[in-house]
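Protein chains in written order, with my numbering: chain E, 1 to 115; chain W, 1001 to 1113.
In case anyone wonders, no lab produced these hints; they're calculated from the structure.
Keep in mind that the hints are not guaranteed to be accurate.
[Stated by the list, open to error] Computed cross-link-like contacts, DSS-like style, restricted to lysine-lysine with a CA-CA straight-line distance of at most 27 Å: (1) LYS1068(W) with LYS1095(W); (2) LYS1077(W) with LYS1056(W); (3) LYS78(E) with LYS68(E); (4) LYS1077(W) with LYS1060(W); (5) LYS68(E) with LYS1095(W); (6) LYS1095(W) with LYS24(E).
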Amino acid sequence: DAGVIQSPRHEVTEMGQEVTLRCKPISGHNSLFWYRQTMMRGLELLIYFNNNVPIDDSGMPEDRFSAKMPNASFSTLKIQPSEPRDSAVYFCASSRPSGSVNEQYFGPGTRLTVT
Amino acid sequence: GNSVTQMEGPVTLSEEAFLTINCTYTATGYPSLFWYVQYPGEGLQLLLKATKADDKGSNKGFEATYRKETTSFHLEKGSVQVSDSAVYFCALIEKSSGDKLTFGTGTRLAVRP
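Model the full structure from these sequences, guided by the hints.
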C-alpha cells in the first residue's frame, strides 16, 4: 500500500500568490482530513470529508482557505491569496471506518513557506 | 466538548531510562484512545490504541492502559532508545463527534546516547 500521498513536499511562495496543496488518500478509505501544524498552535484540524462530502469545515481559518474533494482519490487545499502567517506544515490523513475505531493514516506533509 | 491534556515537554532521558508521558482526557461518552508518534520531518504514525476501559495498547515496547476511573492513558516504555526521539501525541475519538480526532499538544522526547 502506497500510503497517503501529498504534493508538493515543500512549497515556497510570495505573499499574495495562490497555493494549491494536493492529497491522494489510501485506496478504499472514505474519510479525508486536512490538518495544519505550527509551533504556536500545534496540530489543528482544518476540514474533513466523508465520502467526498465536506462534513466539518469549522477549522478553516478564513475565506482565503478552500478545500475540495472531486472524487474518492483526490483532494486539494487552496489558499488564495496566501499570507506569511499561513506558513506551516499541512498534513492530509485518511481513514476507513473499522468497527468503532477510526484509525487515521497521515501523509508526509507539505511544508509551506510564504515570504 | 472533548479535550486531551498531555504533560509539557521536552522530556530528556538517557538511553535505557524508563519513560512515562502522562495523558488525561475529557469526553462526554466512551472514547477510543490513541498515541501517535511523529519522527522529525515526517507525518504522524499510529503507535498504539485502546478502545475500551482496561484495554492495554502496546507496540514497539510502548504500552498504555485505558483507565476510565482516572480518565487517563499514560504512555510508558521500560527502556528508551535514541531512535525513540520524536514527538508523541495523545488523541481520542468519540463516535458522537463523528470521525474527528481530538489531539493533545504533543510531548517532545529527546533520548541521549
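Results for each hint:
no.: 1; hint: LYS1068(W) with LYS1095(W); verdict: 17 Å, holds
no.: 2; hint: LYS1077(W) with LYS1056(W); verdict: 13 Å, holds
no.: 3; hint: LYS78(E) with LYS68(E); verdict: 8 Å, holds
no.: 4; hint: LYS1077(W) with LYS1060(W); verdict: 9 Å, holds
no.: 5; hint: LYS68(E) with LYS1095(W); verdict: 24 Å, holds
no.: 6; hint: LYS1095(W) with LYS24(E); verdict: 25 Å, holds
The earlier numbered hints are all upheld by this structure, with none contradicted.
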